[in-house]
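J.: Residues per chain are reported as follows:
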Amino acid sequence: MIFAAPWVLLALPVLPLLWWLLRVTPPSPRREIFPAVRMLMGLTATAETPARTPWWLLLLRMIAAGLVIVGLARPVLDAGGSLPGSGPLLLVVDDGWAAAVDWSRRMTAAEAALARAEREGRRVGLLATAPDETAAAPAATPAMPVSEARTRLAALRPKPWPVDRVAAAAAAREWAGRGGVLYLADGTTGGSGWDDFATALAAVGPVEVVRDAVAPARLLLAPRAEADRLVARVAQVPRGLPAEATVLAQTGDGRTLARALASFAPNAAEAEAPIVLPPELRNRLGRLVLEGQSSAGAVVLLDERWRRRPVGLLAGEPTTASTPLTGELYYLQRALAPTAEIRQGTLAQLLARELSVLILTDYVADGPDADALAKWVEHGGLLVRFAGPRLAEHPDTLLPVKLMAGDRQLGGAMSWSQPAGLAAFAANSPFAGLTVPDEVKVTQQVLAEPGAHLTDATWARLADGTPLVTQAPRGAGRIVLFHVTANADWSDLPLSGLFVTILRRLVDLSVGVATDEAADSPPLAPAETLDGFGQLASPPPAAAAIPVRELADAVVSPRHPPGLYGPENGRRALNLSNRMPLPVAAPAIPGAREAPIGGVAPERALAPWLIALALALLVIDLLVSLRLRGLLRAATIALALFVIAPAVWAQEPQEPNPALATRLAYIVTGDAQADEVSRSGLAGLSEYVNQRTAANLAAPAAVVPGQDDLSFYPLLYWPITGDAGTPPGAAVAALNAYMDNGGIILIDTGDGGSGEGFNPGADAALERVTHGLTVPPLAPLTSAHVLAHAFYLLQDFPGRFTGDTVWVQRDQDRSNDSVSPVIIGSHDWAAAWAVEASGRPAYAVIPGGDRQRTLAYRFGVNLVMYALTGNYKGDQVHVPALLERLGQ
Amino acid sequence: MSGAAPAARRAEALADRLPPLLVAAERVAATVAQGVHGRRRVGQGDSFWQFRPFLAGDAASRIDWRQSARSDRAYIRETEWEAAQTVVLWRDGAPGMQWRSRQATTTKIERAGLLTLALAALLLRGGERVSLLASTSRTAFGRVGLERLAAELERLPEGDGLPPEVKLPRHARVVLIGDLLSPLAAIQAAVGRLAAVPVGGHLVQVLDPAEALLPYSGRVRFEGVRHGLQTLIPRVEGIRDAYAKRLAAQQAGLAAICAAAGFGFSIHRTDNPPEAALLALYTALAPQAGVRAAGGR
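As you go down the protein sequences, you meet chains X and G in turn.
Per our numbering, the first sequence starts with residue 1281, numbered consecutively.
Per our numbering, the second sequence starts with residue 13, numbered consecutively.
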């Protein structure tokens, strides 16, 4: 603590004098009018009253006076040490992308430094090490008064591009030998030129570096596309402890589709987080975001490359290829058309444009065609081939395995063997997890030559182990061979639904391509760019259009800030991590003093508090003095206290009585994220119900069966997480009693439509958790059920997903008002109901659309009405019949 | 202070609870005018008192011939002596009277004025003549007289706590109402002067409860109401007993002065109801019960 005006403290020795003065002056007596004063003249008291001020009152006054003196001396708490050097101070601030994460702390530290400089009477120069928005190189300001520097500092914002150490070093050199340096570092070298920069700073004068021991900023790298997943990559300055980072997959409008966890091993610079998304969702991905880090480096914008996958089709016999039911391309076209862009033409035409996948059916490539194809595959193309009579006769070089000449026939008049079915897919196959239908039979195929690598190369095989689908990577691409034809001649595979799924998975394996533009297409103008905090905004003034060809190799700079470029129908993303080296920890500057950023507590001026305290003491003194003179009665003070006190005591304990309001409840799963989804979902539903119906629901409650009394809640929402264990006996007993007494439990496995992708293991978990529950016989929920017309008339009951069956009690139990005690579904309703604090829906619905969300809410309203009114609406159904009967 | 008419009305209301007051007077004041009620003895008046036989020396004109004609003797008709007593009232108007403590609800001067007017109302209803002890006062009688007295009371000068020197009719009755906190010698002089007229009378000391009890504590500077008299008492609790003794001595002195002059003396505190004081005055001024019963009008 220091004093800004220490000379005021010289007044402190006057206090004893004040003490003496106050002591010798007795308190002034009370004044009373008294007509019989003549009778009092000359009367002497039997005992003498103390004619001096009571000591405690004196002490009170002395303390008040002392506080005023100390307060006027303007003490400042946490003022920190002295600034480095003497003379003007150069404040160097890293304002590149890496500084954005803890920008407010940096600004606090910088302001504290300015306050210190102001007290020491030093002038300050400011040097921001990143180029500014107008692409001007970093330059140091001349030394100026602190007030001016403060406004300059306040205008400083983190930039979405890296710092420029070389230019900053040049700027710092202008200050060589002039004073001290306070350097607010982001902890990374920030590209080349660090040593030069450090030397330049040390040349200015004594250096104090304010930084954290470990740079907190992380960099989200471009993700890697794999067969059924997107692998997000996170980079950081290596640190000694393991760490975790959460990557959010978001739509373009900021709604979260999925989240994934990346775990850094100790001293690892990079970590990966696989993001598993159903194909429908993957096309809606707009960006990846590092949770909790608001900087341009924590955002990767995804453009069309991650979605568009044009598929080229080429048949060996083009004339009959598209003939319905028999043509080679007929089934392929029908399987791929809904999800992919299909192109047809000659091989040269197809390869002239960007292609993700090329499917050849019974096509023998030779000569220049084979060379062109090989080149295309090696550059990352996915070549899918189907066998056929021609290929069986003339195997070419573009095959994953060596084929035996001729084909193999199974079943038929001359064969002992029966047509073979498919074996289950191996775990390393991209088709793993797909169910194999029994009706698929293969009657004819080409055979691969046996070899050591054949097992690894096989993605699908027949029941007898013969390879059916083989593959081999080649260059950056891959060749996949189906050992059957693409029509129904050799197998039933093209007739089955499995064919469609297999093809889609294959297409998802491929690398996406950008909008195919000719080399001479116009440069891409910046449309929306990220600011330093990772928010999309309009481009800064210096942002310039970028030629298409240069985009892939472009380095982010003020001229090309990260963001979206190009026309609206063909946006291309330029990300900060593009062509940027991984962040490297900056070595210490020789001879510099180091201080942590967080350690610089903000200065706090104590003077106002001290003066206020002194004033309060003086008010007390005034009251006491008035009381001593009899001008203020104790009753008045008591009255004043009585008036003030209730305001203090009026705060009731915040323990809501659950019986006072109707509210929905959810069962706590222990998974914080799932519980938060449940809470916000039920809150959103309660809001919706309150707006649209006469029901008035309070905020939802979290309950633990067996611990909390469940009898207050009409409806329990129970999300089943994949790792849920068997509930304890007390919980099971409580839930059974709850169901017996008319309660409704909505059990939600949350995996509908996503093939367990979102909630793996939910079905097994459902089996575990409901083991002890007395679940009645169930039947699918139909539109005839009361639940389908308790408030709205509903045909289906979507949540975040749709299409799965919802199960309710099969038999009508009159004793329980025919209300189903349990409703089991997998539509993840809470996620569909959930709203963010801003009022927007928190999670995208799948497949999507406002209609689905509205229907999800309507199902929720029906559910609440069903829980509150029982089968009331069921009775209503009979009203016309009753009226008719009455009429007769 | 409130206006004359309301003060008169309040006094009337207070006096309503007592019968009209007929002042007991052994010797009626010489200047008394003819009153409306008899003195239960023969004298000048209109009312018939008695017939008595004609005695030698009686004037022949006094013979009641009608009565005499009924018998052989001559009778003289005698009338009752009808005369009104004059009562002079004084209310202390000193500044010290215009004060009340926190324990009292009314100032001493209000209470004294109320007593004065209530007494006057009683007297006037009894047919007596009432005047205020002031050089400007005119004798009042009848109902209208009360209003006039109230108005006069309003206009009285403040005074110095002692009755002024005014020429009084002999044998009148005097009622002095005040706090009577002046030095005993001064009071004795004033009372002696009255007794020498001669007049009979009654003194009422009106005190505030605070004056009677001195309910203060701590360090207090006491000041007089108007004059600059003041004293600083460091600790009031310590002198409370001494003050009570002094007050008792004052009251004992007053009683002694009154007894010597043949006056009555009573004490009234403003936190007591005025009815009590009025009743005390009534009994002090009214004739003895035996005398009154013998009247029988």
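Since the hints were made in silico from the structure, they are not lab data.
Small disclaimer: the values here were computed from a predicted structure and weren't measured.
Every residue, glycine too, gets a C-beta built ideally from N, C-alpha and C.
Do not rely on the hints blindly, as some may be mistaken.
[Said to hold, decoys possible] Stretch-level coverage of chain G by chain X, calculated; a stretch enters the list once three of its residues show a Cβ under 8 Å from a Cβ in chain X:
(1) 108–120
(2) 129–141
(3) 227–234
(4) 239–245
(5) 255–267
[Claimed, not checked] Chain G is nowhere near these chain X residues, computed Cβ spacing over 10 Å in every case:
(6) Arg1311
(7) Arg1318
(8) Leu1320
(9) Gly1322
(10) Thr1324
(11) Gly1660
(12) Lys1682
(13) Arg1688
(14) Pro1730
(15) Arg1873
(16) Ala1885
(17) Leu1902
(18) Asp2043
[What the hints assert, rightly or not] Here are the computed distance ranges between Cβ atoms for each label pair:
(19) X:Ala1920 - G:Pro176: 49 to 57 Å
(20) X:Trp1300 - G:Gly204: 58 to 66 Å
(21) X:Ala1920 - G:Ala163: 34 to 42 Å
J.: Next, verify each hint and record whether it holds.
T.: Structure-based check of each hint:
1. Coverage of a stretch by a chain is defined here by at least three residues with a beta carbon nearer than 8 Å to that chain's beta carbons; for the stretch 108–120 of chain G and chain X the count is 4, and the condition holds.
2. With 0 residues having a beta carbon nearer than 8 Å to a beta carbon of chain X, the stretch 129–141 of chain G misses the requirement of three or more and the stated coverage is violated.
3. Coverage of the stretch 227–234 of chain G by chain X holds [criterion: at least 3 residues with CB-CB distance below 8 Å; count 6].
4. Counting residues of the stretch 239–245 of chain G whose beta carbon lies closer than 8 Å to any beta carbon of chain X gives 5, which reaches the threshold of three, so the coverage claim holds.
5. Residues of the stretch 255–267 of chain G lying with their CB closer than 8 Å to a CB of chain X number 4, which satisfies the three-residue condition for coverage.
6. With a least CB separation of 5 Å from chain G, X:Arg1311 falls inside the 10 Å interface cut-off, contrary to its annotation.
7. The Cβ of X:Arg1318 does not lie farther than 10 Å from every Cβ of chain G; its closest approach is about 6 Å, which violates its non-interface assignment.
8. Look at X:Leu1320: its CB is around 5 Å from the nearest CB on chain G, not clear of 10 Å, so calling it non-interface is violated.
9. With a cut of 10 Å on Cβ distances, X:Gly1322 falls inside the contact zone with chain G, its closest approach being about 8 Å.
10. Not every C-beta of chain G lies more than 10 Å from that of X:Thr1324, the closest at about 7 Å, which undercuts listing it as non-interface.
11. Distance check on X:Gly1660: its Cβ is at least 102 Å (rounded) from any Cβ of chain G, clearing the 10 Å threshold; non-interface status holds.
12. At the 10 Å boundary, the C-beta of X:Lys1682 stays outside the reach of chain G, the nearest C-beta of that chain being 120 Å off.
13. No Cβ of chain G comes within 10 Å of the Cβ of X:Arg1688; the nearest lies about 123 Å off, and the non-interface call holds.
14. With 10 Å as the threshold on Cβ separation, the claim that X:Pro1730 sits away from chain G holds: the shortest Cβ distance comes to roughly 119 Å.
15. X:Arg1873, annotated as away from the interface, keeps every beta carbon of chain G farther than 10 Å; the closest lies near 65 Å.
16. With a least beta-carbon separation of about 43 Å from chain G, X:Ala1885 lies farther than 10 Å from that chain, consistent with its non-interface assignment.
17. No beta-carbon of chain G is positioned within 10 Å of the beta-carbon of X:Leu1902; the least distance is around 18 Å.
18. Non-interface status of X:Asp2043 relative to chain G is upheld: no Cβ of that chain comes within 10 Å, the nearest being about 87 Å off.
19. Between X:Ala1920 and G:Pro176 the Cβ separation comes to about 51 Å, which falls inside the hinted range of 49 to 57 Å.
20. Between X:Trp1300 and G:Gly204, the C-beta spacing of about 59 Å keeps the proposed range 58 to 66 Å intact.
21. Taking the beta carbon of each, X:Ala1920 and G:Ala163 are about 47 Å apart, not inside 34 to 42 Å as hinted.
In the structure shown, a violation is registered for the earlier hints numbered 2, 6, 7, 8, 9, 10, 21, in ascending order.
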